[in-house]
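Asker: Here the sequence shown stands for residues 1 to 86, numbered as in our numbering.
Treat each hint with caution, since some may be false.
Result set (DSS-like, lysine-lysine): computed pairs, CA atoms no more than 27 Å apart in a straight line [as the list claims (entries may be wrong)]:
#, residue 1, residue 2
1, Lys26, Lys36
2, Lys36, Lys6
3, Lys4, Lys36
4, Lys34, Lys4
5, Lys6, Lys40
6, Lys26, Lys40
7, Lys4, Lys26
8, Lys6, Lys26
9, Lys4, Lys40
Calculated from the structure, these hints are not laboratory results.
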Amino acid sequence: MRNKGKATRYPGVYRIDENSYWIRAKAVDLRTGKDKEVTKLIEGVSLQEAAQQRAALIEEESRPDSRCAAPIPASRSRSGSACSER
Numbered sequence: 001m002r003n004k005g006k007a008t009r010y011p012g013v014y015r016i017d018e019n020s021y022w023i024r025a026k027a028v029d030l031r032t033g034k035d036k037e038v039t040k041l042i043e044g045v046s047l048q049e050a051a052q053q054r055a056a057l058i059e060e061e062s063r064p065d066s067r068c069a070a071p072i073p074a075s076r077s078r079s080g081s082a083c084s085e086r
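The whole structure should be built from the sequences, with the hints applied where relevant.
Answerer: Shown next, in the form of structure tokens:
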């Protein structure tokens with residue numbers, strides 16, 4: 001669904017018909033550091049609402065997950081501190 005629709009004044013928001021918009025958002029995946037592209041078809045909304053949903057989608061994709069925010073615990077079998085405690 002690449003560039004389907006007519007471009008609007010908002011970047012990443014394309015008009016399909018009167019109340020249908022296709023949004024495209026790019027964000028950096030914080031776990032991998034690579035760009036991630038998300039597309040979504042939204043129906044029954046105005047142009048401003050579609051732009052707001054695109055902004056929310058970008059923020060959601062660039063927010064770190066709770067899984068990757070937690071530090072990875074060190075394995076006691078691999079760490080040198082386990083041997084030094086004995």
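Asker: It remains to establish, for every hint, whether it holds in the given structure.
Answerer: Structure-based check of all given hints:
1. About 6 Å separates the Cα atoms of Lys26 and Lys36, which keeps this hinted pair within 27 Å; it holds.
2. Using a Cα cut-off of 27 Å, the hinted pair Lys36 and Lys6 holds, with the two alpha carbons roughly 23 Å apart.
3. For the hint linking Lys4 to Lys36, the alpha-carbon distance of about 19 Å falls within 27 Å, and the restraint holds.
4. Among the hinted pairs, Lys34 with Lys4 is consistent with the structure: their alpha-carbon atoms are about 25 Å apart, no more than 27 Å.
5. Our distance criterion of 27 Å between C-alpha atoms is met by Lys6 and Lys40, whose separation comes to about 15 Å.
6. A C-alpha spacing of about 12 Å is found between Lys26 and Lys40, which places the hinted pair at or below 27 Å, so the restraint holds.
7. A hinted pair counts as satisfied when its Cα atoms are at most 27 Å apart, and Lys4 with Lys26 qualifies at roughly 17 Å.
8. Distance check on the hinted pair: Lys6 and Lys26 sit about 19 Å apart at the alpha-carbon level, within 27 Å; holds.
9. For the hint pairing Lys4 with Lys40, the CA-to-CA distance comes to about 12 Å; that is within 27 Å, so the pair holds.
In summary, the structure agrees with every hint in the numbered list given earlier.
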